[in-house]
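Could you build all of it, start to finish, from the sequences and the hints given here?
Chains as they are written, first to last, in my numbering: chain A, 11 to 210; chain B, 530 to 654.
Mixed in with the good hints, there may be bad ones.
[What the hints assert, rightly or not] The following residues of chain B were derived to be distant from chain A, with all beta-carbon distances above 12 Å:
id, residue
1, Ala557
2, Cys567
3, His568
4, Asp570
5, Leu575
6, Asn583
7, Asn584
8, Thr597
9, Val599
10, Met612
11, Asp616
12, Leu618
13, Lys647
14, Thr653
[To be verified] Computed list of lysine to any residue pairs in SDA-like fashion (alpha-carbon distance at most 25 Å, straight line):
id, chain 1, residue 1, chain 2, residue 2
15, A, Lys122, B, Lys555
16, A, Lys116, B, Ser566
17, B, Lys600, A, Ala162
18, A, Lys136, A, Leu56
19, A, Lys91, A, Thr194
20, A, Lys101, B, Met569
21, A, Lys101, A, Leu32
22, A, Lys197, B, Lys555
23, A, Lys91, B, Lys561
24, B, Lys555, A, Leu56
[Said to hold, decoys possible] One side only, chain A facing chain B, incomplete, derived with CB under 8 Å:
id, residue
25, Lys44
26, Ile46
27, Ile85
28, Asn129
29, Gln134
30, Ser135
31, Lys136
Read the hints as simulated data drawn from the structure, not as lab findings. Even for Gly, the Cβ is constructed at its ideal location relative to N, Cα and C.
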Amino acid sequence: MKYFTLIGLIIFLASCKEDKTLPILGNTAQEDGKTIYHHVRDWSYLRQDSVVVTNDSLKPYIYITDFFFTSCPSICPKVTKEMLKVYDAYKNDDRVKLVSFTIDPKRDTPEKLKTYAANLQVDQSKWWFLQGEKDFTYELASDYFIVAFEDAESPGGFDHSGKIILVDQKGQIRSFSEGTDPETTPKLIADIQKLLDEQP
Amino acid sequence: MSNLRSLFFIIFIVFAIGCEPNPFAKGALVYKNMCASCHMDDGSGLGGNIPSLNNNLLYKDMELLTCTIVKGRVNLENRSLAMPAFDQLTDIELANLINFLSHQFGDDKQYLLNDVSKFKSGCTE
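So this is what it looks like as structure tokens:
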């Protein structure tokens, strides 16, 4: 009887052990008997140093991303503040990048993005600010589970959500936080470490 | 009886102190609705893009602070953002905001409505 109790306790404790692997978020599909996970489409953008970068450029890294615009008078500054906390937590870890896509490419030229980044006093080889075609960016945002569109009624002329998204090397979404809610940032920072721990 | 009176008096004083309204509550509300999304709840701003309001030099020049709020700022040196104008604020809202800013982030000097109206009338286009 004692042995049964002991075995029961061990099984119970094992089942309570926290899952160390992050889930892959989004819908899945079956193709030739294989599970295809949701992933971000291919993209090509102009970085703040006017160099063209693509999703392939980020393949060696995991990255944190958000969609914003520099003249945003509503949620962007708060979201960027949370991005800065993530930056501070991983600024010395070469396996992590930060990527901010502008949803206002007309005004946010690479030059302007460069000034914006310089004013944040961040390492610009670590935190990329990207400018690309507007409508494509809105479609791309949806791959990251972010809503972004032009709306004359919204502050600054654009409406968008403030999520901060964690993406793995395969372009799969692994976690996110609400950039407007600082209380969700520590979990994202912890999730980044979990994803790093998954690496071989 | 005398003890009971004293007790009532103490309760009255405690009650009166407890009910005293926060003189900066209205200014705090204007700040929360108009300013905090950029300057942050704690006034810390965002690096060099959005200036911190803590001990900002503008508190040394209240006319300039008033005009910055009412008229906004453009072409700030070495900044990629410009501050929008908040010309929809009434003089009372503006006075509440300025007193809140001064109390929360500045030297805690307080200004009367007339002072703020005068600062505002001095703003040029």
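Hint by hint, here is what the structure shows:
no.: 1; hint: Ala557; result: holds, 17 Å
no.: 2; hint: Cys567; result: violated, 5 Å
no.: 3; hint: His568; result: violated, 8 Å
no.: 4; hint: Asp570; result: violated, 9 Å
no.: 5; hint: Leu575; result: violated, 5 Å
no.: 6; hint: Asn583; result: holds, 15 Å
no.: 7; hint: Asn584; result: holds, 19 Å
no.: 8; hint: Thr597; result: holds, 15 Å
no.: 9; hint: Val599; result: holds, 16 Å
no.: 10; hint: Met612; result: violated, 9 Å
no.: 11; hint: Asp616; result: holds, 14 Å
no.: 12; hint: Leu618; result: holds, 15 Å
no.: 13; hint: Lys647; result: holds, 28 Å
no.: 14; hint: Thr653; result: holds, 24 Å
no.: 15; hint: A:Lys122 with B:Lys555; result: violated, 36 Å
no.: 16; hint: A:Lys116 with B:Ser566; result: holds, 23 Å
no.: 17; hint: B:Lys600 with A:Ala162; result: holds, 22 Å
no.: 18; hint: A:Lys136 with A:Leu56; result: holds, 15 Å
no.: 19; hint: A:Lys91 with A:Thr194; result: holds, 13 Å
no.: 20; hint: A:Lys101 with B:Met569; result: holds, 23 Å
no.: 21; hint: A:Lys101 with A:Leu32; result: holds, 22 Å
no.: 22; hint: A:Lys197 with B:Lys555; result: violated, 34 Å
no.: 23; hint: A:Lys91 with B:Lys561; result: holds, 17 Å
no.: 24; hint: B:Lys555 with A:Leu56; result: violated, 45 Å
no.: 25; hint: Lys44; result: violated, 45 Å
no.: 26; hint: Ile46; result: violated, 39 Å
no.: 27; hint: Ile85; result: holds, 7 Å
no.: 28; hint: Asn129; result: holds, 3 Å
no.: 29; hint: Gln134; result: violated, 13 Å
no.: 30; hint: Ser135; result: violated, 17 Å
no.: 31; hint: Lys136; result: violated, 15 Å
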